[in-house]
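Undergrad: The primary structure of each chain is shown beneath.
2 protein chains.
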Amino acid sequence: MVRIEDVAPPVREAQYAVRGPIPARAQELERAGRQVIYCNIGNPQSLGQKPLTFVRQVLALAEYPELAERAPAGTFPADVVEVAREVARGSGGHGLGAYTESNGYRFVREAVARFISARDGIDADADAIFLTDGASKGAQSVLRLLIADPQDGIMIPLPQYPLYSATITLYGGAQVPYPLDEAHGWRLSIADLERSYEGARARGIRPRGIVVINPGNPSGAVLDEPNVAAVLAFARARGLAVLADEVYQENVYAPGARFASFAKALEGQRIRDVSLFSIHSVSKGLLGECGHRGGYLECRNVPAEVREQLTKLQSIALCANSVGQIVTYLLVRPPRPGDPSYATYERERSEIFESLRRRAEIVERGLSRVPGISCNPVAGAMYAFPRITLPAGTTDSEWCLALLEETGICVVPGSGFGQAEGTWHFRTTILPPLDQIEAVVARIAEFHVRFTRAHGG
Amino acid sequence: MVRIEDVAPPVREAQYAVRGPIPARAQELERAGRQVIYCNIGNPQSLGQKPLTFVRQVLALAEYPELAERAPAGTFPADVVEVAREVARGSGGHGLGAYTESNGYRFVREAVARFISARDGIDADADAIFLTDGASKGAQSVLRLLIADPQDGIMIPLPQYPLYSATITLYGGAQVPYPLDEAHGWRLSIADLERSYEGARARGIRPRGIVVINPGNPSGAVLDEPNVAAVLAFARARGLAVLADEVYQENVYAPGARFASFAKALEGQRIRDVSLFSIHSVSKGLLGECGHRGGYLECRNVPAEVREQLTKLQSIALCANSVGQIVTYLLVRPPRPGDPSYATYERERSEIFESLRRRAEIVERGLSRVPGISCNPVAGAMYAFPRITLPAGTTDSEWCLALLEETGICVVPGSGFGQAEGTWHFRTTILPPLDQIEAVVARIAEFHVRFTRAHGG
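Each protein sequence line maps, in turn, to chains A and B.
Counting from 1, one number per residue, gives the positions in the first sequence under my numbering.
Counting from 1, one number per residue, gives the positions in the second sequence under my numbering.
To be clear, the hints were calculated from the coordinates, so they are not data collected in a lab.
Take these hints with a grain of salt, some might be off.
Unchecked claim - Quick list of in silico lysine-lysine cross-link-like pairs, DSBU-like style, CA-CA up to 35 Å:
id	chain 1	residue 1	chain 2	residue 2
1	B	Lys50	A	Lys312
2	A	Lys264	A	Lys312
3	A	Lys312	B	Lys312
4	B	Lys312	B	Lys264
5	B	Lys50	B	Lys264
6	A	Lys50	B	Lys50
7	B	Lys312	A	Lys50
8	A	Lys50	A	Lys264
What the hints assert, rightly or not - If you only want the chain A side, here are some residues facing chain B, beta carbon under 8 Å, derived:
id	residue
9	Val2
10	Asn43
11	Tyr64
12	Gly95
13	Leu96
14	Asp133
15	Ala166
16	Val302
17	Val323
To be verified - Simulated coverage check for chain B against chain A, where a stretch passes if three residues somewhere in it have a Cβ under 8 Å from a Cβ of chain A:
id	segment
18	68-79
19	92-104
20	135-146
21	273-279
22	291-301
23	312-322
Idealized CB from N, CA, C, for every residue including glycine.
Throw the hints in and build the complete structure from the sequences for me.
TA: Below you can see the structure in the form of structure tokens.
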């Protein structure tokens, strides 16, 4: 029989706090009848966000094409019917039930290339795009290529999203954390990158790549163009591949802030010797289609023979799920002005965006007012990562567990993301609905006061 | 820049012939305007198999629940509407756009447990079931647990499905092939298992698990109950975990043959000290929903703390795609007698089954008649793996490439699956439609005669 001690050590050692012990306890409480508010994971539709009508209408027709004839005229807008036909043609007439190419439907990869071109004013190549089961799988494939032995290091932000730490552990590589500067809104500084790189070298680690999450998860910070250019220059000087996690590119709320892609910076500077891997997802942004597991990986300055290795990795499990690929298509091919679906689509999107923007503000302001909690601006993404002052002898994990038991609010301790020695944090999403978010923030505030008193703080 | 020599060696070394160089050449030919018949991969809907109406109607409603109100009464049968409601309730009211639990929707896991119980007359536990993106991902998770270092061996059949060889290479383990006996319809013999096991031990390999594919891919053989019991007894004596690939359990065509599950054999003998991992899929059987990437992994005699490691592996990329999970639900919860969809569902299924059965027969008989080709019975699954006699100095890869160039028929060389030294084979699916399959077989036969002559055979 397979016992726990028989399980491969890298598997046992990998940790993924976002779905770790505290969320597991939350599920237990929920099964026992407690009401739980899941702020542990960026899962908008589980907290009431409605799917975009256009997306779901196309999917219904793509799954069951006879509907276009069986349902009376007018059941679906004409552009929805037309897009469903594009899907049918694009799948070679086979529909969603056939395996796709290993790297994904060609017509979707071409649409993604046009989307990147339009977004950044640069060329993009459908042959350098891979459709993946969510962005996570794209990130994992890239790390899989780069990590050959325990001395291979991957630079990751501190705090980071635990997909990265868990995957590096699983593949037997070395984590090389670079700190973000909490005192300055989680700013990324090149001096810190240099220090982290040199420190790793001194320990015998060979850094192979650097992960940048922009907008930041959990930090909420948004990089500007000079930041992005500086990271690229650093990567170039050090011979590092760049893995740009850009899944929150639509989630920028701070006035004046704008998403700046790594692809645009790379092309703007005509850099030809830095490999760039960028990932994007249907789970975040304004679609929030997490369950559909759609996303893409775009490669730049990656030789064809290396891209073939990525194709092979995808082919071993055949292909990403077809529906997620279609949702990716809809992400990059929305209704156009004049299309019958356009007005509804734009209204639904702007309602979601405006609501996210207001919730980011409410969480940030509400938590900042609490004595013993300080919260940086939620300039982008879907999370706050506030610092908490804890009574001596207590930890952020204990704080989060007590918060869950007392209030039903499920958040994740900072230790799951990494934090400077001697500091404590938690990550919460900003996703509870507008009519509940004030109450959630108030309950966290009251709880913090109680917890501090109860532990003699 | 990442060069090919920078890519981790296990990635470079992994080979997956089903989507390897010959299928890649087929795509090139197709883009250049040639008509290609893809017999390289079990992808029924790409060769004209229609999806089951019930499955697609439920998916359309699950994607776009308002349809139940918007479309006029009678657009969907009442049981389809009811099953779509079960899906809505089962997803906690969140629908398909929210992440599911890491191990999959509970209501689907419970339905899978009931399916196994009904199939085998045994108990099944929803907590020991994992919903996966196709069966491949379940197999990969199990191998990931078992392989810790290069001395960890996994016994695999010869010939085998290259998911196994590729994944073992990728995870840095050792392949321990056990030959199937071609002279006796690819029979699995315990004596061969013993020889293979002892040979591995003598080379310093520690076998940790054994993969059994039943019905066999590519062999087409179907194990009977005594076979299955004997493999279990062998695994028990040697302390091996069993990975039972049972994705073709509905694809049994030979008169008198019946699928015998490992779970039933294990429970029948009350074996409590052999860990069993069984996988199943929506891609094969009579659904053929390959693109949807649905499947499940069932564990028996696997401690909860080991299962938690599987949950963690799934959680790092969050969850399997929701739609594939729903297709898995529909696989195990078909319409029941008396339901409005029942008659159509049964008719569609039996047409597909009967057509597969006839095609298996046509391929087997047609190829067996060709001088220089011998083809074992296609008792189950979706493939023939005929042996070919080749002129001296030629290989099966050359034969397959020439077949593709001359006829447009894409099959995979036996070397991609493993074959006894000095023998040559190819794998073809039995999936071209009934009205084409005779012609496909005839073209292969004519080609073989030409190829043999041209090379002085």
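Undergrad: With a Cβ-Cβ cutoff of 8 Å, does the segment 273-279 of chain B contain at least three residues near chain A?
TA: holds (count 3)
Undergrad: Under 8 Å is the threshold here; is the Cβ of valine 323 (chain A) close enough to any Cβ of chain B for the hint to stand?
TA: This hint holds: valine 323 (chain A) lies near chain B, its Cβ roughly 5 Å from the closest one there, short of 8 Å.
Undergrad: Given the hint that lysine 312 (chain B) pairs with lysine 50 (chain A), does the C-alpha gap stay at or below 35 Å?
TA: OK: lysine 312 (chain B) and lysine 50 (chain A) at ~28 Å, within 35 Å.
Undergrad: Checking hints one by one. Is aspartate 133 (chain A) an interface residue toward chain B, by the C-beta closer than 8 Å rule?
TA: holds (6 Å)
Undergrad: Are 3 or more residues of the segment 92-104 of chain B near chain A, judged by a Cβ distance of less than 8 Å?
TA: Per the Cβ count (10), the hint holds.
Undergrad: Has the given pair, lysine 50 (chain B) with lysine 264 (chain B), been kept, meaning a C-alpha gap of at most 35 Å?
TA: holds (32 Å)
Undergrad: Taken at face value, is the distance from the CA of lysine 264 (chain A) to the CA of lysine 50 (chain A) at most 35 Å?
TA: Measuring from Cα to Cα gives roughly 32 Å; hence the hint holds.
Undergrad: Tyrosine 64 (chain A) was flagged as interface toward chain B. Is the shortest Cβ-Cβ separation under 8 Å?
TA: holds (4 Å)
Undergrad: Cut-off 8 Å, C-beta pairs, minimum 3 residues; does the coverage of the segment 68-79 of chain B by chain A stand?
TA: holds (count 4)
Undergrad: Holds or violated: is the Cβ of alanine 166 (chain A) closer than 8 Å to a Cβ in chain B?
TA: The hint holds - alanine 166 (chain A) has a Cβ within 8 Å of chain B, the shortest such distance being about 5 Å.
Undergrad: Would you check chain A against the segment 135-146 of chain B, counting CB to CB pairs closer than 8 Å, and say if three or more residues qualify?
TA: holds (count 6)
Undergrad: CA of lysine 312 (chain B) to CA of lysine 264 (chain B), is that 35 Å or under?
TA: holds (28 Å)
Checked against the numbered hints given earlier, this structure breaks none of them.
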